Amino acid sequence: MLRFVGRRLAESIPVLVLASVVVFSMLHLVPGDPVDAMMGAAALQSTARQAVVDRVRDELGLNEPLPVQYARWALGALHGDLGRSFIRDRPVSELIAERLPSTVELAGLSMLIAASLGLVCGLVAALKRNTPIDGVIMAVSLGGVSMPSFWFAVLLILVFSVGLRLLPATGSGTFAQLILPAVALGYEGVALVARVTRAAILEVLTRPYVTTARAKGLPPRAVLLRHVLRNALIPVVTVMGLQVGRLLAGSVIIETVFARQGIGQLAIEAILQKDYPLVQGIILLSASTYVVANLLVDLAYGYLDPRLRAAA
Amino acid sequence: MATSTPGSAPPPSLAEPGVSGGHLDPPHRTVPCATPGPWPRVAQRLRRNRVAMAAVTVLALVAGVALVVPAVVVIDPLTQDLRASFLAPGVDGHLLGTDHLGRDVLLRLVDGARVSLAVGVLAVVISVVVGSGIGLLAGYVGGALDRVLMRLIDVQLAFPGILLALIIVTVLGTGLDNAMLAVGIGAVPRYARVMRGAVLSMKHDLFVEAARSLGATDLRLMLVHILPHVLGPVVTLATLGLGTAILATASLSFVGLGAQPPTAEWGLMLAEARTYLRVAWWLAVCPGLAIMATVFAVNLLGDAVRDALDPQMAFGRD
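Those sequence lines, one after another, are chains A and B. To convert, note that position 85 of the first sequence is 85 in the numbering used here; the numbers rise steadily by one, no gaps. To convert, note that position 33 of the second sequence is 1033 in the numbering used here; the numbers rise steadily by one, no gaps.
Isolated chain A, as found in the complex:
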C-alpha cells in the first residue's frame, strides 16, 4: 500500500508543476502590459505615467528574467504568499481566506447531499429494478443530468423564495441561506451518483461471487453489504472524484445566482476587474485542490480494490 501511495504522490507532482507554469504564464500572455491594465485608463493620460509604470514594474519584479520571476512566484506560493491584488491592494491569500469558508460549506453540504441521496436512490432503483419506483428515480435523475444548474437554481428561488417565501434567495452566512444553493449544486451530483450506483449494483449482482455468497447461505443483508455494495462502490468513488471538478465549476455559477460571497464569485469579480494576481491565486488553489482530490480518490481505489495495490 505504501508503494502505491508513493507512486501516486510522485505522479501528481509534475501535474502541479505544469499547472503552476500555466497559471504563472497567464500574466505574461495577456495582450499588452499588465501594469497598464493594473493602472487603468485614467493613469494613461497622466504625464508622470512612465515614471510610475517603471516604479511599479520594478516593485513587481517584472524586469527580471522569466525563470527568476517564476521561481520567486512559485516559492512564494508554496509559503502561502500569492502576491497582492492589483485592485484591492491586499494580499491575495488574505482575500481568498476570507471567502473560502463560504465556498467550503457550500461544496461540503452539496457533496454530502450528492453522496447520501445519490447512493440511496441508486440502491433503491437497483433493488426495485423495472418497477415504477425505479422509473421515477431514473426519470428524475435524467432530468438532473440535462438541467442547467443555473436554471435549476433560478427555479428554486422562484418556488421557495418568491413563491412560498420559505428560504432566503441571496446572501451567505446563515444555514437557511445555505440550503437552496447546496441543493442546486448537489442535484446534478445526486443524479449522476444515482445512475452510476444503479448500473454498478446491477452489474455486480450478475457476478459469480454473489451467487456463491448466496449459495453458501449468507443472509441477503450480508450479501448486499459485504459483497455487492463494496464492489459497486468503485465506480461510485470515481464519480465522486469527478464531482470535485464539477463542484468547482458549479460553485462559480451557483455563487453568482445566490450572490454568495465565495471563491467563485471572487474569481468572476477578479476576471472582470483584470485583477490578475487574484485570478492566478484562485486558479492555483483550485487546481491544487482538484489534484489532491483526485489523489485521494485513487488512494480510495487502492483501499477498496486490493488488486490495484498489487498492480502498483
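Please keep in mind that the hints were generated in silico from the structure rather than gathered at the bench. Everything numeric in this text was worked out from a predicted model, so none of it was measured. One should not assume that every hint holds.
[Said to hold, decoys possible] Cβ pair distances, simulated, as ranges:
| no. | chain 1 | residue 1 | chain 2 | residue 2 | range |
| --- | --- | --- | --- | --- | --- |
| 1 | A | G6 | B | A1054 | 47 to 55 angstroms |
| 2 | A | V21 | B | L1200 | 26 to 34 angstroms |
| 3 | A | A10 | B | L1157 | 17 to 25 angstroms |
| 4 | B | V1148 | A | A10 | 16 to 24 angstroms |
Virtual Cβ for every residue (Gly too), placed ideally from N, Cα, C.
Assemble the complex: chain A is given as a structure, and chain B must be docked to it using the hints.
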C-alpha cells in the same frame, strides 16, 4: 484513390479477352472507397430509432426557426419599448411576454437559438479539429512526439474545464468568441485520446501497409486511409459534446464572462432575468426551458448515434 486503381485498368496479360471488355471485374474491386462504408447502415439504424428521430425533429425545429424567423420577421429582437416592458405572456401579441426593456421574449429566444447553436457547433468544430489533429499525429508518428503530446493532454485532463476556461477568458478578455474558444479548447483532450487510440489500433493493419508499399506518403496515409476509419468514435463524441458545449457557453455567459448585453443569448437572458424574478417569472423560465430542451435533444441524439455506430455497446449497456 490515385495510388490504388488497378481495378479500373487491369494489365492486358491478366485479363481474358472478352471478360475485360465488361465493366465488372470483381476480384480487383477491393479499393476501400468503392464500398459505401458503415455510414449508410448507421443512418438506417438512426432512422429506425424513434427517440433519435424525435431529437432530430426538435433540433431541426430549433435550427429552422433560428434561420427562418429572422429573415421573415422585421422586428429587431433588440428593439426596446419601455412603455411595453414586463408584459405578461400573451399580452398585446407578445406570446412569451416582454422583458425589462420591452423587448419581445419570443423573438429574443429565437435569436438566441441562432447564437447558441452557432457557438456550440463552432466550439465542437474547434475541439474536433485540434483534438483529432493531435491524436492522429501522436498515434501515427509515435515515439517522443507521442509522449510529449499525450503528457500535455494528460495534464489538461487533470484539470476541470472551468479552470482552463477562466484562464483563457482572463487572458483574451470576456466575450462570446473567447468563451466559445475556451469551451472548444477545453474539450480537446477527449478527442485527442480517442483519436490516438483508434489510430494506434489501425496503423499496422494490412490495408495501411498496402497503401504504404504502393508509395502513399505519410500525410496521405493519415488523411485518406486512416482518418475515415477512425471517425466513428469521434462523431459520437462530437454529438455528445455539442450539448456540453452549448451548456458551457451558456454558463459562461450567465456569469458574465461570455456574451455581453444586448446580445440575445440564452444564458445572458437568464442572468438578466434574475433581477426581475419577483415581477416577471417568464423571463427566467423561457430561456432556461430553451437551453434544457435543446441540450436534452442533443444528448438523446448523441446516445442514439453512439448506439447506431456501435450496436454491441447498445446491447452491452443496461
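How the hints compare with the structure:
Take G6(A) and A1054(B): their Cβ atoms lie about 53 angstroms apart, and the range 47 to 55 angstroms holds. Checking the proposed 26 to 34 angstroms range against V21(A) and L1200(B) shows it holds: the Cβ atoms sit about 29 angstroms from each other. Distance hint check: the CB atoms of A10(A) and L1157(B) are about 18 angstroms apart, consistent with the given range 17 to 25 angstroms. Between V1148(B) and A10(A) the beta carbon distance is about 19 angstroms. The supplied range of 16 to 24 angstroms therefore holds.
Of the numbered hints stated above, none is contradicted by the structure.
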